[in-house]
Amino acid sequence: MPTTKSTKPSGLLYRPSTGRTELPKQSMMWSALRPSGVDAASTLHDLVTKLTPGTAYTSAPLTTETLRPVISPTRQEPKKSLDEVLFDARAMAKISASRVSMYLREGWRDKLFYQLDNLLDPEEWDPEDKPLQAQSFDTFLKAICDVNPSKRPGLGLSYGGNLIAAWRSSVNKDDRVSLEFLPGGKVKLIGSRFVNEEHVSFSALTPVAALKQTLADMSCVSWLSCE
Amino acid sequence: MMRQVPYKLLERDADTDQVLGFLPGAFSHRPNEEYLSFGWLEYFGGTFSDNLSECKAAIQRVRKDKKALHGVAQVGRAKALAQHGEKLVRLVYYPNDKNQSHSAMFMEQPAPESACEDLAHEFFKQHC
Amino acid sequence: MSALSKSTYSRPPVLEAVIGITFSQPITDSALSAIDRRLSKHYLMHSDNEHVNLLMSTTLGADNRRVVGAQGHATRGHRRTNPGMDEIAVLMPDSLTVSQLAPYQGWDAYFFRFKRDFKAYIRSNIHREISRVGVRYINRVDIPAAGNIVEHERFVDIYPRVPEALGPMVGFSLQAQFDLKSIGGHTTVNTFPVQPVTLRHASFLVDIDVYKTITTPMTDDSLYSLLTQMRVEKNRIFEACVTQRAREELFGYANH
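Residue numbers (our numbering), protein chains in the order written: chain S, 160 to 386; chain Z, 666 to 793; chain W, 2 to 257.
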């Protein structure tokens, strides 16, 4: 883990942790209560009507018309339609891309969104397949920002919802490499090239932090370049 | 034999959208899938061109996908390319109600990456 | 004006820019829906927005049993975004919030959009008295981590001072509040580390919120003038919080 090194006498040292830093809680956090003398209630309204109302605070009265039930051990979110699931996946990807947009080459963001809209089109979507997974997309963004290819990849999506990016060599168009971005920061690299007129395939599984080196080891860095 | 490749597993040019190939993922197993599904052209007993149309239609009855492409390869060649590792590749005629030409390829699971790449390359050589 | 007023950043660290206007009186649901329809041609995506305020407390009853009391209310509004998901407008009965996610295209384009949406909102707001004006910019500074070291203070000039004897921090959260006499308002600056989105970097948020409570009626022009001043103050605060090295190496500063 990196540490900050301070040159000032105050000695600020910071070592980023694996977890997120928690903000001071500014709003009351509520969790299901079972105070003594109160029966288990299936809705907050039920709870309120069973309790002695009134506190030191005053606000507009609680109504079930305006609040969904918030205590319910069996409460289930209504199942989302396919359109909603794919919309959520597209929205997630676009908001994630926004966070690294300052590192994307000009024109990449618009093209990326166009490709994602096509990949996550509800028309002809197989309901057995998973939509784009957030963790896969995060791995993709880390890879793109680190490798910084000048050539845009063709994009695909695995049955499990992992994003796939593919490039072809500009010199020998039969040579290609595809990268499948897995959750947890791993990348599956599969490629092929012609050697003495023989089609030879190769593959590797690499952490995204070592992707640049792996591409160099496989001699396919130039395939990601426009030059 | 014929394999349907959905739109999201077609390799396409980023700028022109032209289809350049099949991605290797098109020849990997779906979760909970025991075998890879293919259509067997010779089942239909007609000309090659007629068999292509009939087989494509039969596959589409099972998984309708207007934007999919269909790759074709020789059975022996496909089996040889799928053979990676010790588990022998078996191709079994496995008809179902919607697709009487359906055949199942049993191979190592998960399918080895190089096998997927080789199959993707081979099946794309002839596609419709 | 900042010495950097004529310069641009090729990689502005802005994650989200927010202009929020709060009104003294809420409008009706039907008036809010009319505003939503008016803005639908600019923001194609719609979702419902709900603010829920819930207060609970416990007291000891006469029979020594713990009693829970709860009161709350919910307010419904509309959230609109463009297909690219980077332009957002949140319409509530008593507030309008116009946001811009990265990539930040500059103040002019953003302010133009805000004025458009504000005019659409106040057409249906017969009261129009503004009670609060806020401009908030959430920035993320991505600092290269060379090996195990992040030279935080070489890029960001706002951080907690802690004794060396306590060893390295694994997290912090700092909030500072200041008066802004130039606008008769205040600012709150929050900074803390966040999960980096790029490899081999450590990321820190610098969240600057400039706000003013309004007690006298405002014309549209006086509101726009105030927002412009608030933006100048926000810039001044941000530039004070980062170093020249951050400007040149991280944000792509080019002095014209």
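Any given hint might turn out to be false.
Chain W stretches covered by chain S per the calculated footprint, using a threshold of three residues with CB under 8 Å from any CB of chain S [what the hints assert, rightly or not]:
| # | region |
| --- | --- |
| 1 | 11-22 |
| 2 | 83-97 |
| 3 | 189-201 |
| 4 | 207-214 |
Hints listed in this document are in silico derivations from the structure and should not be mistaken for laboratory results.
Treat the numbers as computed from the prediction; the structure is a model and nothing was measured.
Even glycine gets a Cβ: it sits at the ideal position worked out from N, Cα and C.
The hints, checked one at a time:
1. 11-22: holds (count 4)
2. 83-97: With 4 residues in contact (Cβ-Cβ under 8 Å with chain S), the coverage given for the region 83-97 of chain W holds.
3. 189-201: It holds, with 10 qualifying residues against the three required.
4. 207-214: violated (count 0)
Comparing the model with each earlier hint shows a violation of hint 4 alone; every other hint is respected.
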